[in-house]
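The whole structure should be built from the sequences, with the hints applied where relevant.
These protein sequences, in sequence, are chains A and B. Letter by letter, the first sequence follows residues 1 to 463 in full-length UniProt numbering. Letter by letter, the second sequence follows residues 1 to 339 in full-length UniProt numbering.
Rather than coming from a laboratory, the hints here were simulated on the basis of the structure. Take every hint as true, because none was put in to throw you off.
The following residues of chain B were derived to be distant from chain A, with all beta-carbon distances above 12 Å:
| no. | residue |
| --- | --- |
| 1 | A70 |
| 2 | E72 |
| 3 | R201 |
| 4 | D226 |
| 5 | R236 |
| 6 | K304 |
In silico PhoX-like pairs for lysine-lysine, Cα to Cα no more than 25 Å straight-line:
| no. | chain 1 | residue 1 | chain 2 | residue 2 |
| --- | --- | --- | --- | --- |
| 7 | B | K271 | A | K20 |
| 8 | B | K192 | A | K42 |
| 9 | B | K303 | A | K30 |
| 10 | B | K271 | A | K17 |
| 11 | B | K75 | A | K158 |
| 12 | A | K20 | A | K42 |
| 13 | A | K24 | A | K68 |
| 14 | A | K389 | A | K359 |
| 15 | A | K30 | B | K271 |
| 16 | B | K276 | A | K30 |
| 17 | A | K186 | B | K245 |
| 18 | B | K178 | A | K186 |
| 19 | A | K246 | B | K338 |
Now the stretches of chain B that chain A is said to cover, found in silico as 3 or more residues with beta-carbon under 8 Å:
| no. | stretch |
| --- | --- |
| 20 | 48-58 |
| 21 | 116-124 |
| 22 | 264-275 |
Built from N, CA and C at the ideal position, the CB exists for glycine as well.
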Amino acid sequence: MPQILMPALSPTMEEGKLAKWVVKVGDQVKSGDVLAEIETDKATMEVESVDEGTVTEILVEEGTEGVKVNAPIAVVLAEGESASEAAAPVAETAPEPAEAPVAAAEKAADTAPAAAVPAAPKFEPQADPDLPEGVEMVEMTVRQALNEAMAEELRRDKDVFIMGEEVAEYQGAYKITQGLLQEFGKERVIDTPITEHGFAGLAVGAAFAGLKPVVEFMTWNFAMQAIDQIINSAAKQLYMSGGQVKAPMVFRGPNGAAARVGAQHSQDYSAWYSHVPGLTVIAPYSAADAKGLLKAAIRSPNPVVFLENEVLYGSTGLVPQVDDFVLPIGKARIARKGADVTVVSFSMGMRYATQATEKLVAAGVDVELIDLRTLRPLDSDTVIESVKKTGRLVTVEEGWPQGGIGAELAARVMEEAFDYLDAPVTRVTGKDVPMPYAANLEKLALPNVDEVIAAVNAVTYRS
Amino acid sequence: MARKATATKAKTQPNVPQFTQEQELEAFREMLLIRRFEEKAGQMYGMGLIGGFCHLYIGQEAVVTGITMASEKGKDAQITGYRDHGHMLVMGLDPKGVMAELTGRQGGLSKGKGGSMHMFSNEHRFYGGNGIVGAQASLGTGLAFASKYTGDGSVSITYFGDGAANQGQVYESFNMAKLWNLPVVYIIENNKYAMGTSTERSSATTDFSMRGASFNIPGEQVDGMDVRMVYDAAQRAIEHARSGKGPYILEMLTYRYRGHSMSDPAKYRSKDEVTKYRQERDPIEQVRTRLIEGGSITEEELKKIETDIRAVVTEAADFATNDPEPDASELWTDITIKA
Chain A
1 MPQILMPALS
11 PTMEEGKLAK
21 WVVKVGDQVK
31 SGDVLAEIET
41 DKATMEVESV
51 DEGTVTEILV
61 EEGTEGVKVN
71 APIAVVLAEG
81 ESASEAAAPV
91 AETAPEPAEA
101 PVAAAEKAAD
111 TAPAAAVPAA
121 PKFEPQADPD
131 LPEGVEMVEM
141 TVRQALNEAM
151 AEELRRDKDV
161 FIMGEEVAEY
171 QGAYKITQGL
181 LQEFGKERVI
191 DTPITEHGFA
201 GLAVGAAFAG
211 LKPVVEFMTW
221 NFAMQAIDQI
231 INSAAKQLYM
241 SGGQVKAPMV
251 FRGPNGAAAR
261 VGAQHSQDYS
271 AWYSHVPGLT
281 VIAPYSAADA
291 KGLLKAAIRS
301 PNPVVFLENE
311 VLYGSTGLVP
321 QVDDFVLPIG
331 KARIARKGAD
341 VTVVSFSMGM
351 RYATQATEKL
361 VAAGVDVELI
371 DLRTLRPLDS
381 DTVIESVKKT
391 GRLVTVEEGW
401 PQGGIGAELA
411 ARVMEEAFDY
421 LDAPVTRVTG
431 KDVPMPYAAN
441 LEKLALPNVD
451 EVIAAVNAVT
461 YRS
Chain B
1 MARKATATKA
11 KTQPNVPQFT
21 QEQELEAFRE
31 MLLIRRFEEK
41 AGQMYGMGLI
51 GGFCHLYIGQ
61 EAVVTGITMA
71 SEKGKDAQIT
81 GYRDHGHMLV
91 MGLDPKGVMA
101 ELTGRQGGLS
111 KGKGGSMHMF
121 SNEHRFYGGN
131 GIVGAQASLG
141 TGLAFASKYT
151 GDGSVSITYF
161 GDGAANQGQV
171 YESFNMAKLW
181 NLPVVYIIEN
191 NKYAMGTSTE
201 RSSATTDFSM
211 RGASFNIPGE
221 QVDGMDVRMV
231 YDAAQRAIEH
241 ARSGKGPYIL
251 EMLTYRYRGH
261 SMSDPAKYRS
271 KDEVTKYRQE
281 RDPIEQVRTR
291 LIEGGSITEE
301 ELKKIETDIR
311 AVVTEAADFA
321 TNDPEPDASE
331 LWTDITIKA
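And the structure:
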């Protein structure tokens with residue numbers, strides 16, 4: 001390496017000023033010795049010698065402006081190297097600066113057509129498991145279902161532990177972890193200080209080391225303190241490490257509006273987390289789905305965001321009593337088959353959608369109702385197949401409209417089933433405002449059953 | 001009267017611990033490998049072979065070398081921020097894989113998908129390579145949590161800089177680490193500047209070894225330019241953590257010779273300051289001088305070591321230059337694991 005080249009200070013730098021030579025011809029230099037100083041409009045840099053040798057030539061005088069990156073600026077010969085070897089590449093016949101292979105390749109790439117983007121792999125969800133004939137169905141609350149799911153997984157795998165605020169002694173701020181401390185002890189059911197950013201990061205680190213943390217956020221509103229660790233550390237880790245380091249863990253807690261708790265405690269993060277590759281995002285509605293999907297989430301080798309809903313904790317549903325009830329992640333559930341219009345929702349939105357469906361069916365509208373259950377990977381196939389049949393789509397969610405789950409579904413349906421649509425896709429969402437406190441305003445801000453009915457009537461041209 | 005902090009500031013040993021010749025040579029080799037590797041990386045960056053950000057460790061070599069010498073390789077976990085090349089080399093990760101990651105090639109440690117700030121090794125228990133300043137403090141505390149949970153006897157060695165020391169989650173982590181007595185040693189690499197902001201301009205108190213005082217975490221200030229002092233302090237700190245007494249803080253007083261990253265205005269500190277450190281405190285020259293003055297090693301023998309290290313670095317650079325870029329299909333791999 002006898003030639004010293006004009007270095008780039010950043011990938012965008014093309015030329016700079018050779019401000020000063022610190023060495024002169026004849027000087028002996030060794031690794032790390034400063035040879036010259038260069039300048040651009042935003043930075044200065046000392047050019048250091050990487051090898052030992054003697055400065056035999058200075059090719060660019062100090063004070064020269066506009067020296068191209070990778071142009072030879074000096075020759076340093078190591079013991080035994082010949083001057084002719086060094087001079088060859090800078091001969092008069094080759095006045096253009098020699099380019100490093102990649103810099104040259106990048107320039108070529110700028111003018112060449114971009115490489116084709118390989119097709120994204122398609123996620124193929126599994127169907128729900130068949131239940132044994134005559135299986136006992138037990139009525140329980142969503143709260144009990146979540147509690148059972150965690151207890152069963154704690155029993156099954158000693159690497160699973162629960163941490164969060166008030167999960168142990170207090171028995172859970174919303175009693176989801178009730179009784180777990182008593183059965184599993186304080187080593188595995190861990191009360192944390194109020195320190196979301198810190199304990200989320202701590203749990204991610206524990207997951208890197210092979211544990212399977214279940215992190216409870218008292219509500220997802222507080223998890224905004226921790227969102228850097230959820231996204232930058234957990235979600236991106238597998239990719240950034242070339243597949244080496246996993247983060248098998250669950251972040252869970254109540255999401256969305258509760259009642260009368262104001263703007264900072266009433267936000268739906270479904271769309272936020274569903275945006276992020278590397279995360280799995282689950283938002284169940286029924287008790288059975290809550291149990292089967294939380295068990296699946298705890299067993300998943302990936303970081304899972306599990307969005308519960310405070311209002312739904314007390315609602316009941318039938319849960320099959322089988323030994324190990326695990327549901328597939330990424331599979332929507334068709335809650336009601338129908339032919340006239342497709343209504344898609346998830347979590348709390350399903351309550352509005354279900355009640356609206358009952359009324360619409362009574363009025364003679366054959367609604368197909370789909371519960372997404374998982375938001376990433378999003379089972380759009382089920383939605384698109386349905387829309388191909390009904391020609392109409394209404395989405396229902398509590399979150400804000402812009403960039404929401406409904407917006408995403410509308411885009412996907414337009415891309416893949418445009419010709420099947422008989423009416424514009426219509427969204428029923430939370431209003432585009434921070435959640436107000438006053439009872440009347442809060443009611444107005446949330447979606448409701450009448451809005452779903454109105455939307456269905458509009459797309460079926462019944463209004 | 002204000003209550004006195006219960007954490008006492010441990011004193012740096014008045015007597016400089018002595019290294020055996022074997023230790024001196026090990027330290028010399030490791031530090032020189034980092035130095036030569038980083039110089040080559042700087043050169044390759046200048047040639048456009050390395051993109052984006054590139055934060056060199058030149059000047060700080062004694063820190064990671066002394067600490068790693070005091071740790072149990074393959075058992076103790078290490079995690080750091082974005083200035084991570086030196087940590088990986090000393091922990092035994094393949095220099096070819098590190099350099100090829102810097103050039104974004106398929107043979108890079110992260111298949112070219114991570115870059116300078118994102119390299120990892122489960123085998124060597126190196127957990128990055130983290131680009132968000134301060135995030136590694138919580139992650140490293142989690143590595144210590146896992147050690148305590150499984151009882152595997154490992155210690156988490158968690159590095160961050162004087163800049164990160166002002167991040168909130170560092171204190172959230174200190175609190176939990178002491179609350180649960182987790183086996184973690186926090187290494188605060190104080191190189192005096194967070195990018196271009198000196199500690200005096202960023203920090204209400206600049207003795208970072210005392211930052212754990214309100215959590216009752218002992219701390220020491222250590223001459224981070226002398227690998228013997230680093231090693232000695234690290235032994236104490238690691239033993240403290242491994243024996244179940246909880247976290248320990250070592251503030252390493254160190255210095256980076258190069259800019260924060262490759263693009264650096266070099267306006268925030270004087271040339272004299274940099275020159276003074278390089279000429280009077282250089283960690284590698286200190287060892288070289290001791291070895292030569294000790295009389296048992298000749299210049300020729302050290303030259304031989306240098307030649308060998310140069311060959312390793314040249315091999316890494318050649319590999320990183322010629323290895324192909326990752327296949328386009330890698331765009332879609334390693335996003336999630338198929339359950």
